[in-house]
Structure formats: structure tokens, C-alpha cells
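Here the protein sequences come in this chain order: A and B. Reminder that position 138 of the first sequence reads as 137 in numbering that gives the first Met the number 0, one-by-one numbering, no gaps. Reminder that position 138 of the second sequence reads as 137 in numbering that gives the first Met the number 0, one-by-one numbering, no gaps.
Everything labelled a hint here was simulated from the structure, so no lab data went into it. Check before you lean on any hint, since a few could be wrong.
[Claimed, not checked] Just so you have them, the derived chain B footprint on chain A, three or more residues with Cβ under 8 Å:
1) 106-112
2) 380-386
[Said to hold, decoys possible] Selected chain A positions facing chain B (in silico; Cβ < 8 Å):
3) A374
4) V411
5) I421
Backbone N, C-alpha and C fix where the C-beta goes; we use that ideal spot for every residue, glycine too.
Number of protein chains: 2
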Amino acid sequence: MSDTEIHDVQAYMREVGQRARAASRALARADTAAKDAALAAMAEDIDCGRAGLMAANRHDLEAGAAKGLDAALLDRLELTPGRIDAMIEGLRQVAALPDPVGAITDLNYRPSGIQVGRMRVPLGVVGIIYESRPNVTADAAALCLKSGNATVLRGGSEAFASNQAIAASIRRGLTAAGLPADGVQVVATTDRAAVGQMIAMPESIDVIIPRGGKGLIERISRDARVPVIKHLDGICHVYIDDRADLDKAFAVAMNAKTQRYGTCNTMETLLVAQGVAELILPRLGAALGEKGVELRGCPRTRDLLPAAVPATEEDWATEYLAPILSIRVVADMDAAIEHIERYGSHHTDAIITEDYTRARRFLREVDSSSVMVNASTRFADGFEYGLGAEIGISTDKFHARGPVGLEGLTSVKFIVLGNGEIRG
Amino acid sequence: MSDTEIHDVQAYMREVGQRARAASRALARADTAAKDAALAAMAEDIDCGRAGLMAANRHDLEAGAAKGLDAALLDRLELTPGRIDAMIEGLRQVAALPDPVGAITDLNYRPSGIQVGRMRVPLGVVGIIYESRPNVTADAAALCLKSGNATVLRGGSEAFASNQAIAASIRRGLTAAGLPADGVQVVATTDRAAVGQMIAMPESIDVIIPRGGKGLIERISRDARVPVIKHLDGICHVYIDDRADLDKAFAVAMNAKTQRYGTCNTMETLLVAQGVAELILPRLGAALGEKGVELRGCPRTRDLLPAAVPATEEDWATEYLAPILSIRVVADMDAAIEHIERYGSHHTDAIITEDYTRARRFLREVDSSSVMVNASTRFADGFEYGLGAEIGISTDKFHARGPVGLEGLTSVKFIVLGNGEIRG
Chain A
0 MSDTEIHDVQ AYMREVGQRA RAASRALARA DTAAKDAALA AMAEDIDCGR
50 AGLMAANRHD LEAGAAKGLD AALLDRLELT PGRIDAMIEG LRQVAALPDP
100 VGAITDLNYR PSGIQVGRMR VPLGVVGIIY ESRPNVTADA AALCLKSGNA
150 TVLRGGSEAF ASNQAIAASI RRGLTAAGLP ADGVQVVATT DRAAVGQMIA
200 MPESIDVIIP RGGKGLIERI SRDARVPVIK HLDGICHVYI DDRADLDKAF
250 AVAMNAKTQR YGTCNTMETL LVAQGVAELI LPRLGAALGE KGVELRGCPR
300 TRDLLPAAVP ATEEDWATEY LAPILSIRVV ADMDAAIEHI ERYGSHHTDA
350 IITEDYTRAR RFLREVDSSS VMVNASTRFA DGFEYGLGAE IGISTDKFHA
400 RGPVGLEGLT SVKFIVLGNG EIRG
Chain B
0 MSDTEIHDVQ AYMREVGQRA RAASRALARA DTAAKDAALA AMAEDIDCGR
50 AGLMAANRHD LEAGAAKGLD AALLDRLELT PGRIDAMIEG LRQVAALPDP
100 VGAITDLNYR PSGIQVGRMR VPLGVVGIIY ESRPNVTADA AALCLKSGNA
150 TVLRGGSEAF ASNQAIAASI RRGLTAAGLP ADGVQVVATT DRAAVGQMIA
200 MPESIDVIIP RGGKGLIERI SRDARVPVIK HLDGICHVYI DDRADLDKAF
250 AVAMNAKTQR YGTCNTMETL LVAQGVAELI LPRLGAALGE KGVELRGCPR
300 TRDLLPAAVP ATEEDWATEY LAPILSIRVV ADMDAAIEHI ERYGSHHTDA
350 IITEDYTRAR RFLREVDSSS VMVNASTRFA DGFEYGLGAE IGISTDKFHA
400 RGPVGLEGLT SVKFIVLGNG EIRG
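With the rest of the complex left out, here is chain A (with noise of 0.2 Å):
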């Protein structure tokens, strides 16, 4: 069905919907060998499909640069053959992960007899709402499809040539692995009626992720009546403990300021215990500056860096994503924790320290998704936890918290074998 055939939105998103319920019962029961072939497929019909694919992205960026796209969103849309690549290892990187529907766990005799365990098994239906980055749909729809569940997409309007022919590659992917294309279905419509429609049909989706800007996901985090998975601000702290060890401090500070500017696990307020401030400041403070980050600090900060701009009340509380730093001289590790719970988003936060009772209280009292002793907060990530891949990263605490990987997609239940046993 093209966009222009859907006259009722709403209609045609519950029939989206109805189908990817009954396909999700089907690849809920499907076996590892039948899942890892359809993402072998997808990943041959993919790179078979190049052509067509290219030219339906240069459509995509054609319309895009004629609504005036700005150029880093028209980069974001465009595949190149890398990203083509990229993206066809990716459903070979989630084939070869494994299985996780269906593991047993903790299958213990109880004192009436019955064994109790539980099995761990898919959420049902995801719903994927995202923007103009077309390489998310073959990344989403391969964790969903690995961890037994159906997939619908609702990719940005900007990208809708590009996500149908992915989708079109999808869909014989799972035929040829003899699973229901309807498994995963990208919706064919840029109407955003689509939107509002798919967060509000608990009886055919479980759960929503919503993947872009924080407005699109604050906004449907309101407006949905399924639960989502959300990553809101990644505000990440270090915290350099005046038992640090100065070289590890430097390094780590370093590397989570700059290594990248515009992610989500990227220290965007560092803190400095007043007992090194004057160690470390002056170092780390010519060094960023010769990155050309801003630095806007505290009164104690720009004492010692004369370079750095006041910190305001906002700056704390800011994602920057950008080549700016906010830098606070605290007193100890309990005002550094106190100033994270207050300003940070409970994301990635790390103390560097050697004190071994001090590591012990931040890892414990610091609430946050991933918590680190003298490592870079640029580690928050599935890959680099070792999940295989991540959807997202979750900053709430239910359910899911931190990167997301197929584990983040299912849920367990109970199993219980017996011999006849009766309750007393």
C-alpha cells in the first residue's frame, strides 16, 4: 500500500497493528535457526538491492534539499555504500548473537515438589518511532526479530522511500526464512495521524521506543497508553576524588569530554574534589582549551582557569552535545554526589579515585543507569557492555535501565514442572 492509497489512518494503523499481533505469535514461537536465516536474507537481499536502494534515498534526499533540510540532517538521511555496509553487517552482527527467548533460569526444587524456574521470553509487539537516520530500520527490526518479537516502524517522513525499500528487503528476508512478513512492518504512511494511532492500541503493541529528539520523545512519553522506553538527557558527570590518581584523571577526563561532542554518555560537567582542584584544573583546562571546548565554571574554577566563563544555575543542568563544559570545585565525594542527584539525568556518572571505600559508596549511592569508577562515561554503550547491540538506552528504571540489547526486549515468566503435585 503506498502513502497515498490510506484514506482512513486510523483504520489502516489498527489492521498494522491486528497483523503484527498475529505474526508476533508466530515469531514468538519461531526457532533460532529460522530467525538467524531471515536476518541472513534481509542482509543478501540488502546488499543484492543496492541500486534500488540508493535511488530511492537519492529521491528521499532530492525532496529533502527542496523542503530545505538542513545539511546535517541531510546527512543523517543519506546511505552511503559504508552505511549500506554498516548496516548489512549489523543484521550479520545480530544473527550470530545469541538466542535469548526461551533460556531457563534458576530451576530450583521447592519443598512441595515442583521444580519452579522461569523462561525468558519476548515482549510481543515493539512499536519503533524514529527519525530521519533510515539505517534504524534494519537495525531495530534485527534486535526485535532476534528476540522474538514483531516489529512495527514509523520512520521520519523525510526518509520514507528510503525505510519502504529496507522494509520491502525485510519482508522476503522473513518470507524466505518461511516466518509471516508481517513480523516486521514499517508503516506506509507519513500522515502523522499514524503516530498518534500507535501509541494508543495496548491491544496490539506492548511497548514503544521512541528514538530523536527529546521533544518527540517527551511528547509521546505523555501522550502513550503502552509503556515506553525512553532515553531522555544524558547530563554525565565525572567526578575527580582528591584520591585520584592524576594521570588516570587526566585520561578520562579527556577522553569523555572529546572523543565525541554530540552523544548521549559525553561528560558535560566535571567535578573536582577542592582538594586536587589546583593539581589538575590548570592541565586539563589548557588541554580542552587547545580542543577548543568552552569551559564555564564555578567561582573556585575560573580562579584557577581565568579562561573559564561563569557557570550558571542552567549550565548544571544542561545536555550540551557540544564543545562545552560546565566545571564545578566541590568539597568531597558527598557534595559531588548531592550536586549529581540534584543536576544530573541519571545517566552515566563516574567517580576517579583510588580510595577502595569511596569507590564502594559512589557505585552504590550514585542512582544513575551506569555508574563507573575510573573509567570514560563514552563506555555507556551496548557494544562496548557486551550486549551485542543496544535499541537505545533506557534513563527510566522500570523494566529496562541503561543500554538496551535483546535481553531489554523480553521478559520472563514462570515455569513450573511437576509430577502431579496438588496444593495442601
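Assemble chain B onto chain A, guided by the hints.
What follows is chain B alone, placed relative to chain A:
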């Protein structure tokens, strides 16, 4: 603060929420000994204050009788000496459970040199909305406290005085152990607007657990602005396969239906493979008839059990919570699974079979929070499963599924231990 002094319910609830949030930080950090000491002190305080508690309960009972509450409601409301004993024993049992908070699992080295693991952490603030049984106040508070959460409890108006008396003991217990008294708050107003405010404060309350009738739970799920751990229907099935041991089948079916009629894990529909219907149904029908169970059957069932009345389409989708059983003869296991998928509530379903491959398939393919082989559905319970206690049974897939014990009241965060590693 007493009920009559609260004029602005919204403002009062916001204050309750803020106090809970503040207390939750201290509870998350509280060590096991302090939490266990608080639970022991609460038990002691309730034990020593029995006279006051029973006086408060008498007040509720008299007001309830004057309002015309029916006998079943008044029974649930009553705190007999035995029920107070059970409440005290429950607090001591939760103190004896292992502390889930801070447990570290899966701590492994990654190629980058960092060690990545998961630490179990509290959810934060748990809101419980419940109906007449005042013992829930102590039971729920104990589980939330042991799992490191602050709690806001909103009981039924008919149990107001009883709940406030228990709340006073809980506060004294917290204070005696050096924990913040606001760690457990029982809402001190019967104004219904308090519930509306309580489920719409994501900044203060992280999850809502409603306990009560289906109407209450549906209303709260629909209106809540925070995640809800909910328990809706328990339409549980036992399927007797044609390769069942018929003595086990008889024992399990009788137990699943007749051990207790009003519980959510009671069998409501019996499915029997046509190959053994003649062998098992007459025996079961006679025994169920002797117990006074009304039988409603499909045509084939009624051929074998003339006493059965015809089952309607609605019967298959009904949670009777009463001595009524619907019975259907099905072709085989696939037809049984199809029936369960169509009419069941994904709560607890069992197969009786000696066939290895069918048992394995049933466990994998039936999408319910508990799936059993050769055991009574009545075992679906936190105590029977070894969780120690349960705060409810979740029929959701997201976050927690099946009986929810201490672990379901927690989440996990990632921890990273390094030696100055940076990302390349």
C-alpha cells in the same frame, strides 16, 4: 494530620510525594541491618499496641456496619487477634529474607579492559492503592522497605482508622532504626481526589501497584501517568492431554478447581483431549458434582456429563471466582493452546501429560505468566515459588510478570570498574 484538617488535597499529596522522594534516597542507601531492625521494631510495636489497633479496627467495623457494608466486606475489614499475629509474623518473615539491594551479577571483563556488571537497585517510590484489607498496609510496607523503596499507601476509606493505627507503628519502627519516618506514608485523607493526584506525580512516585477489584485496577491503569504493576483477570486453564496420567489429571484438576474458589489462580476452564474425554470426564464430573461445582460444557462434554449446562461463548472468557467450571473437549494440544490464547488471561495455565515433546512445546508456546506441567495452577504464588512473599501477581509482560516479590520491586543499573580506561 487527620482527615478533617486537609483542605487542599492536591497540595497535601504533592507534599506526601516530595517527602517520599526525599526519604527514598536514605532508604536506597540503608544497610540491611537497619532495614531489618525497622521491620522487627514495627512487629514489636504492633504486638505491644494490639489494644489500640483493635479499638481503631472496631471503630472502622462499626462505621462500616452503619454504612451498610455487606458481611464479606466487613469480614475482610476485621482484624482478629489471629490476623494481627499473621501481620506481625509477616513483618518478621520479610526481615528474614535476603536483601536484594546492591547484589552484583554478571561482572565480566570486556576487551577494552573494563569490567561491566549489574547492580540491583530500588525502584525509588512505590505507590500502593488498595481496598479494604488493613493487613496490606503492613505487608506492602515491609516488602517495599526491604527492597529499599519509599512507599505511599492509600487504603480504602472503610479501613481508615485501622490503617492509620498500623501506620503509626510503622513510623515508630522506622524511627527506632534510625530511618526516615517518611519512608512509609499512609495517606491521611479519604478524599478520592488523593488517588487521582497520586497516580499523576511521576516526579515523586515511580510505580503504582493497585490491589483490589478489576474496576479499580482498570481505572488506575487507564489514568496513571506512571507505570502500573497490575493484576487483572485470572482465567486459568488445565489441559488434560491424551497422553496424561489420568490419576495425576484427576488430582490436579480437582485441586485446581476446588481447593479455593475465589483465588486468581483457580482453574476456570478445563480442556480435555477428545481421546481421553470418555475416560476422565465422567469420574471428574461426579467428583466435582459432589463438591457442588456447577458444570458448563461444550456439546461433547454434555454428551458425557448430562448434568452440565451448555457453556456460552461468554463462559470461556469469564473468571468465575466461584464453584462454577466450564469444560471443553478439544481435538489435541494445538487446539488447547489456541483456546488458551483466545480466551485466557495469560495468568496461569497447565498441561497434564507424560509426553516429553508436548510438555516442552506447551512450556514454550503458552504465553502466560506461569506455565505448568503436571502441577496444580494453585501453586502460582510468591510463597510457593520461593519468592518469600508477594506484593501481587502481575499479568503484564513489562518489567515484572507473575508473582511479584522483592526482586520485582527493584531494577538493575550497570556498574563499570576500570583502571583509567578510555574509549578509542
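Next on the checklist: Taking the earlier hints as the rules, which of them does this structure contradict?
Outcome noted: none
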